[in-house]
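Novice: Each chain is listed here by its residues.
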Amino acid sequence: MSRAAGDIGPAPVTRWIIGALVGAIFAIPLVSTLLYTLQDADGALTLDHWISLFSAANPSVIKPLTAGLGNSLVLAVVTVVIVIVLLAPTMILVNLRFPGMKAAFEFIALLPISIPAIVVVVGLTPIYLQIGRTLGTGAWTLAFAYGVTVLPFAYRSIQASIDAVDLRTLTEASRSLGANWATVFITVLVPNLRSGLLAASLISIAVVLGEFTIASLLNRQVLQTALVVVGKIDPYASAIFTLLALTFCFLLLLALGFAARGRSRKVRS
Amino acid sequence: MTSTAVPNGTLPVGSGLRAPGRRVRRSSLAGLGLAPFLVYVALFLVAPTIIAIGSGLFAKDGSFTLASFAALGDPVILATFWNSTWLSLLTAVVGALVGALVCYALLGLSPTGFVRTTVDAACGVLAQFGGVMLAFAMIATIGIQGVLTRFLRDALGIDIFADGAWIYALPGLIPAYLYFQVPLMVITFMPAVAALRASWAEANLTLGGTRAGFWLHVGLPVLAPSFLASALLLFANAFSSYATAAALASQGSQIVPLQIRTALTSETLLGRENLAGVLAFGMIVVIGVVMCAYALVQRRAARWQR
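Heads up: the protein sequence lines correspond to chains A and B, in order. Counted from 1, the first sequence has number 202 at position 202 by the working numbering; the numbering is strictly sequential. Counted from 1, the second sequence has number 1138 at position 138 by the working numbering; the numbering is strictly sequential.
Quick caveat, the hints were computed from the structure, so don't treat them as lab data. None of the values given here were measured: they were computed from a predicted structure. We treat Cβ as the ideally placed atom computed from N, Cα and C, and that holds for glycine. Misleading hints may appear alongside valid ones.
Computed Cβ-Cβ distance ranges for the label pairs, DEER-style [stated by the list, open to error]:
no. : chain 1 : residue 1 : chain 2 : residue 2 : range
1   : B       : G1113     : A       : V13       : 12 to 20 Å
2   : B       : A1035     : A       : N180      : 53 to 61 Å
3   : B       : A1030     : A       : P191      : 29 to 37 Å
4   : A       : V13       : B       : F1151     : 28 to 36 Å
5   : A       : A24       : B       : A1030     : 27 to 35 Å
6   : B       : A1169     : A       : G23       : 23 to 31 Å
7   : A       : A104      : B       : W1166     : 24 to 32 Å
8   : B       : W1086     : A       : I113      : 19 to 27 Å
9   : A       : I186      : B       : W1086     : 48 to 56 Å
10  : A       : Q130      : B       : L1156     : 53 to 61 Å
11  : A       : V13       : B       : W1166     : 35 to 43 Å
12  : B       : A1162     : A       : F107      : 46 to 54 Å
13  : B       : A1165     : A       : P191      : 24 to 32 Å
14  : B       : G1252     : A       : I186      : 52 to 60 Å
Covered by chain B, according to a simulated footprint, are these stretches of chain A (three or more residues, beta-carbon under 8 Å) [stated by the list, open to error]:
no. : stretch
15  : 60-71
16  : 108-115
17  : 119-128
18  : 139-147
19  : 181-195
20  : 213-219
21  : 229-243
Interface residues of chain A toward chain B, partial, derived using beta-carbon atoms under 8 Å [said to hold, decoys possible]:
no. : residue
22  : G19
23  : L30
24  : L177
Could you build all of it, start to finish, from the sequences and the hints given here?
Specialist: Structure, rendered in structure tokens:
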């Protein structure tokens, strides 16, 4: 539903002046970071920093980064599993069987926005001591904490797609045609909610790749903590990985945005 | 048990045909399905929060005490809370104003158009996933060896560090925080701006009003609660933000989250026990007050967003 707000919108000149001004200011740090990685000590342009980073000539720099990235990717996968296997079915259940609890569930799901990660981590320390004793100190265990961090983001994506389909009718129709709950879930509900599940997964990946607070204070090695460690030895390597990670997250969100755009077009036509 | 929001053109099938007894039993069985998630949230959200807040309330031997809270009266801690407050307030106000200006510039563009989609994605990255990486971008730009620093020094003869390396201290957090506050404002305030109705502007013009009159008497009053709500959210966001500050201000603990880091990593800061818990409690109180105000203002704002 596009609104013809031409009457209240700014004149094209105003629009472009504001856009160009703010856009330019916000581009400065990113362009500077790129230039920073492309300059040698005298300020001449060079690709040395990029080449030396990826030529593995400097294991003290690349090793923590690849280890951190590896851990972050494992965490991203486990967090997505938590979202898909734990959060999504619960949300479907609440929407189908306990619609009266929807408001309470939303409150819980959005709660992590109001509780700073730095506060949660104070209380997570003793809990992770216990987890370390029972499940070991593998990098993946941090995903339990990350599942809560991504909760508000994942909740919004999944709820949006639940609201867009009529779960009740779909379920009742499949049930009266003789499908059992597992069949309903896998062959009817998941395909109908795939856009929300995909969005929730991609956002969760972006959040996990960017998370620093909890990992750092629980002494875990992830991409962001590796960036800080490496930044003290070789600031160029951190700058390069910063650019790559920000670009990756931007492309993830852009893909999400354009996917949603394609869908809403289809619905409208 | 009928759904209150059945979309048009669908038929409610089958519901209500089952025997009541069966429904009750099935219901309790379905209730069991909620258990895993609730246990998970209890373990990893509720428990840590309670432990964090509660750890300030109990002495080492487990007895209840308020003694730890004396730390909140410590001049160092008070100064940290004050630093956090003015930093959050400043970046929330500036971020809200600049963000609102961007929202105005985006007004009238299709929400699914190329520009809005791209701006949304860019804002999402900067506002929600930047953290440590924004600190590195700042160091590469206005650090001692930053590109902009060198350009200003070599080309224009301006030394931005004439008064010392402020980028690694409290003032350095201001540009870094604005770098995620403005995008967050765009994300949170844009829906309210986009909900302004063209019909209101038409009505205003039909009744002989002017464009400026529309903004003065209709646009701004309608948007004011949403603006305030978004600004409160920005304040809470800055107040609880840790990653950017931790990567930028590697020494010292000028703001509350950094003070918590110090309290967690060194046992006897200021010779006080449970300092991390007490600080966490203080943070929760501040954020709690701000979020309650947010909820109240948001309720007022929601009147116009239907």
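Novice: Are three or more residues of the stretch 108-115 of chain A within 8 Å, CB to CB, of chain B?
Specialist: Since three or more residues must qualify, the claim that chain B covers the stretch 108-115 of chain A holds, with 5 doing so at under 8 Å.
Novice: Determine whether the Cβ-Cβ distance between A104/A and W1166/B falls within the hinted range of 24 to 32 Å.
Specialist: Violated, at about 47 Å.
Novice: State whether the coverage of the stretch 181-195 of chain A by chain B holds or is violated, taking the criterion as 3 or more residues with Cβ-Cβ distances under 8 Å.
Specialist: With 0 residues closer than 8 Å to chain B, the stretch 181-195 of chain A misses the three-residue bar; violated.
Novice: Does the CB of L177/A sit less than 8 Å away from some CB of chain B?
Specialist: 10 Å, violated
Novice: Look at the Cβ atoms of A1165/B and P191/A and judge whether their distance stays inside 24 to 32 Å.
Specialist: Violated - the Cβ-Cβ distance for A1165/B and P191/A, about 56 Å, lies outside 24 to 32 Å.
Novice: Mind taking a look at whether chain B covers the stretch 229-243 of chain A? Criterion is 3 or more residues with CB to CB distance under 8 Å.
Specialist: holds (count 5)
Novice: Do the Cβ positions of V13/A and F1151/B conform to the proposed distance bound of 28 to 36 Å?
Specialist: Roughly 29 Å apart at Cβ, these two residues keep to the hinted range, so it holds.
Novice: Given the hint of 53 to 61 Å, check if A1035/B and N180/A actually sit that far apart at their C-beta atoms.
Specialist: 21 Å, violated
Novice: Could one say that the CB atoms of Q130/A and L1156/B fall in the range 53 to 61 Å?
Specialist: Holds, at about 57 Å.
Novice: If you take the shortest Cβ to Cβ gap from L30/A to chain B, is it below 8 Å?
Specialist: Result: holds, 6 Å to nearest chain B Cβ.
Novice: Count residues of the stretch 119-128 of chain A with a Cβ under 8 Å from any Cβ of chain B, then say if the count reaches three.
Specialist: Held - the stretch 119-128 of chain A has 9 residues with a Cβ nearer than 8 Å to chain B, which meets the minimum of three.
Novice: Are there three or more residues in the stretch 213-219 of chain A whose C-beta lies within less than 8 Å of some C-beta in chain B?
Specialist: holds (count 3)
Violated hints, listed in ascending order, are 2, 3, 5, 7, 13, 15, 19 and 24; each of the other numbered hints is respected by the structure.
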